[in-house]
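Chains A and B, in that order, give the protein sequences.
Here my numbering is used: the first residue of the first sequence is 1, the next is one more, and so on.
Here my numbering is used: the first residue of the second sequence is 1001, the next is one more, and so on.
Treat the hints as calculated values from the structure; they're not laboratory data.
Just to be clear, a hint being listed does not mean it is correct.
[As the list claims (entries may be wrong)] In the SDA-like style, the derived pairs of lysine to any residue whose C-alpha atoms are separated by at most 25 Å in a straight line are:
{"#": "1", "chain 1": "A", "residue 1": "K299", "chain 2": "B", "residue 2": "K1206"}
{"#": "2", "chain 1": "A", "residue 1": "K299", "chain 2": "B", "residue 2": "D1393"}
{"#": "3", "chain 1": "B", "residue 1": "K1281", "chain 2": "B", "residue 2": "M1261"}
{"#": "4", "chain 1": "A", "residue 1": "K299", "chain 2": "A", "residue 2": "D238"}
{"#": "5", "chain 1": "B", "residue 1": "K1281", "chain 2": "A", "residue 2": "D207"}
{"#": "6", "chain 1": "A", "residue 1": "K241", "chain 2": "B", "residue 2": "M1261"}
{"#": "7", "chain 1": "B", "residue 1": "K1072", "chain 2": "A", "residue 2": "R75"}
{"#": "8", "chain 1": "B", "residue 1": "K1265", "chain 2": "A", "residue 2": "P69"}
{"#": "9", "chain 1": "A", "residue 1": "K294", "chain 2": "B", "residue 2": "M1261"}
{"#": "10", "chain 1": "A", "residue 1": "K299", "chain 2": "B", "residue 2": "R1287"}
{"#": "11", "chain 1": "B", "residue 1": "K1281", "chain 2": "A", "residue 2": "D238"}
{"#": "12", "chain 1": "A", "residue 1": "K294", "chain 2": "B", "residue 2": "R1287"}
{"#": "13", "chain 1": "B", "residue 1": "K1265", "chain 2": "A", "residue 2": "D291"}
{"#": "14", "chain 1": "A", "residue 1": "K241", "chain 2": "B", "residue 2": "R1287"}
{"#": "15", "chain 1": "B", "residue 1": "K1206", "chain 2": "B", "residue 2": "D1357"}
{"#": "16", "chain 1": "A", "residue 1": "K299", "chain 2": "B", "residue 2": "T1296"}
{"#": "17", "chain 1": "A", "residue 1": "K294", "chain 2": "B", "residue 2": "D1393"}
{"#": "18", "chain 1": "B", "residue 1": "K1093", "chain 2": "A", "residue 2": "K284"}
[What the hints assert, rightly or not] Covered stretches of chain B (in silico footprint by chain A; criterion: 3 or more residues with CB under 8 Å from a CB of chain A, positions within the stretch not fixed):
{"#": "19", "stretch": "1204 to 1215"}
{"#": "20", "stretch": "1272 to 1279"}
[To be verified] In silico negatives: residues of chain B with every beta carbon more than 12 Å from chain A:
{"#": "21", "residue": "E1068"}
{"#": "22", "residue": "M1110"}
{"#": "23", "residue": "T1143"}
{"#": "24", "residue": "R1174"}
{"#": "25", "residue": "T1190"}
{"#": "26", "residue": "I1266"}
{"#": "27", "residue": "E1267"}
Just so you know, even glycine gets a beta-carbon here, dropped at the ideal spot from N, CA and C.
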Amino acid sequence: MPVVRTLLSQLSRAIGRQSALSELRWMQQALSNPPPGISPACRSLDEMVARRVRGEPLQYILGSQPFGPLDLAVRPPVLIPRPETEDWTLRLADSLTPSPATPFRTLDLCTGTGCIPLLLCHLWPLGSTHATAIDISPDAIQLATENATRCGISTQAHAHASTHPENTFTPILADLMHPDFAQQARLEPPYDLITSNPPYIPQAEYDALPASVKDHEDIRALLGDTPSPLANDVPAQDRAKGLTFYHRIAALVGEHGLLRAGGTLALEVGQGQAHEVAAIVQAKAGVDKIDVWKDPWGKERVVVARR
Amino acid sequence: MFRPAFRQLRLSRAFATTRTAFAQAHIPRQATHSLKVEDAPIIQYVKRRVEERRRLQSEVSDDALSDEDIQKVRKIRELEPLQDAWTEWKHAKQSLEETLPLLSDSDPTMRSMAEEEYASLSESMNRMVEETFPSLLVPTSDTAHLSAIIELRAGVGGSESALFTADLVRMYTRAAQAQGWTVTMLASNTLETGGMRDAIMEIKGKGVYDALRWESGVHRVQRVPATEASGRVHTSTVSAMVLPLIEEKASNSADEELFTMDEVKIEVMRSRGAGGQHVNKTESAVRLTHIPTGITVSMQDERSQHQNRRRAFQVLRGRLMDRKLNQEMIDRRDLRRNLVRSADRSEKIRTYNYAQDRVTDHRLGMSVKNLNSVMEGDGLQEFLKALQQRYHDDLLEDVLSERSDSER
């Protein structure tokens, strides 16, 4: 107990007493009783606290993050799933009703850990969705594939799918900003549902991020002002606002007919971006009915559009 | 010439217990007791119900059944097990009366057979009065399928009260595990000085709520705290609240009665600044407020906000269900002026006296020596059983008094 008390006071100095109490308990849980198939990145409580005090995110130290009813493995530098994303994905899963008779083809761009499509695959009835998940990072694709296996979701369509209906998850490594993206990603439009939590942080805000985010999580999952040949397509007034990926996604949806008529496009956005993103998808993606959903903290967080 | 009578006695034993451990000296007391038993209110009540059934049978027409007839047929069918038990009772009673003269028979063999027979018949008749009839009369529990949530809160007594809260957590955990129930700690506030400020435990299994519901109330401990240098005995309290646990699968229909989502305000704790990708700090605490009742539930023990929310709703459902059940009990008491006791949560229900190695339940007026066996869970079973029995007896009394009211 004295050891724990010392660790607690070290941790309290770093992150505050209330958080320290909770996080220390979660560390102990991760050591004694980790989620099945996920081992923490550390062997001892001392090591965990030492790493946390140095500013590493708790989730990387524990090696996992709950996402709805799922426990996902997380590893640096793949973006840690956020509670805002969890909240809207659960809401989205509730608001749509695919079935084995009318299964959804789902496309998730910038998938990271695979959290969004994996949760949909988990929540929807067996045989009601086939998800394709794309990311530019080999680390992310590797992790998403592991997570699918751990969650019991098949990563390849089986021949006997007609007798044993299942939801499938296909991870693909591809660069959304590449001019030949549609071909590179072997897209097969149209999709019934397109989801994305693309990098949306403007450069100026990125520079001011807390160290636990900036020093540990992939810049390619965070920075929305990315230098790329296609960035020139972004109108001058939208530059440096973290909106590059929305212009690209909206253009792809519009030009390649990615979204089936009646399909749904759901894009997570950063603080204050919802209206600009709504305008972008309205102008370029050929969608009409546009909603903005708030997150549990009252921030406009998701632009949901229907074609 | 006694043989036919004896054959009948033998037959009657086929449905009576085979235990005949009554000593000869007990027979006169048994005899008076059995006769008294026939005047017991419960026997009078069963007799009336059986007569009512016979009357209904005579009223139901043979051919076309009206709605009224269907009601009557249903009633007749409901009363069938009681009728069967009554037939058995009358049979035993008749055999007993036939045995009575044989007890003073001149033949010693005959006398000893009669004594054996008499003891066995009395015993089976007593069992019918004490067990068979009550179990047929008391309605089966609506809450038999429910698991439970136990909320414990340290009360008077500072850190000693927190230590005892942790002791009670252990006691309920051990008792539950001994029953094959599963225990999950939903939330707890552990103090650095040892013990817990509060704890919420989920206990799942068959009949858990019915077994534990009478644990609600104030538990008092009297002992010398580990931290007390002078060796003085302190008195501290912990309050317990046992809530029914409604499984999520079954909750959709139950929720409609308990609350609507419009009535629940869901708040997340603290501000996240920009939130989203900007922040990777875990902010999972959730608070629910049920606006009509002002009940609030906070959960922060899980890393996932989704899990905290799910558990908070489980506790909220439990609290609202608890209110509902308690209100129903009060209404029933007012309506039938019966004796069923509603759980008063501020009532001191039990004292754990370490110095005297004794636990006393104030409602039962019952003490268990060997405090350790209670704290280890085994001794607690005695209280749980006695409290369930008391409730059952209250319900039976309720049934009997209801009938005599309506007949007055």
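query = Do the alpha carbons of K299 of chain A and D1393 of chain B lie within 25 Å of each other, as the hint requires?
reply = violated, 57 Å
request  = Assess, step by step, whether the Cα of K241 of chain A is no farther than 25 Å from the Cα of M1261 of chain B, and give holds or violated.
outcome  = This hinted pair is violated, its Cα atoms lying about 37 Å apart.
key: K1281 of chain B paired with D238 of chain A [C-alpha distance capped at 25 Å]   = violated, 29 Å
message = So T1143 of chain B supposedly isn't at the interface. Is its beta-carbon more than 12 Å from every beta-carbon in chain A?
response = holds, 28 Å
Whether chain A covers the stretch 1204 to 1215 of chain B (at least 3 residues having a Cβ closer than 8 Å to its Cβ atoms) = violated (count 0)
inquiry  = For a C-alpha distance cap of 25 Å, please report whether K1281 of chain B and M1261 of chain B respect it.
reply    = Measuring from Cα to Cα gives roughly 29 Å; hence the hint is violated.
task = Quick one: work out the minimum CB distance from M1110 of chain B to chain A and report holds if it exceeds 12 Å, violated otherwise.
result = Fine: 71 Å to the nearest Cβ keeps M1110 of chain B off the interface.
query = If you draw a straight line from the CA of K1281 of chain B to the CA of D207 of chain A, is it 25 Å or shorter?
reply = holds, 18 Å
Given hint K1206 of chain B paired with K299 of chain A - CA-CA distance at most 25 Å = violated, 44 Å
query = Going straight from one Cα to the other, do K1072 of chain B and R75 of chain A come out at no more than 25 Å?
reply = violated, 70 Å
request  = Please work out if K299 of chain A and R1287 of chain B have their alpha carbons no farther apart than 25 Å.
outcome  = Between K299 of chain A and R1287 of chain B the Cα gap is close to 18 Å, so the pair holds against 25 Å.
query = Taking 12 Å as the cut and beta carbons as the points, is I1266 of chain B off the interface with chain A?
reply = violated, 7 Å
Hint check: violations occur at hints 1, 2, 3, 6, 7, 11, 14, 15, 17, 18, 19, 25, 26, 27; the rest are consistent with the structure.
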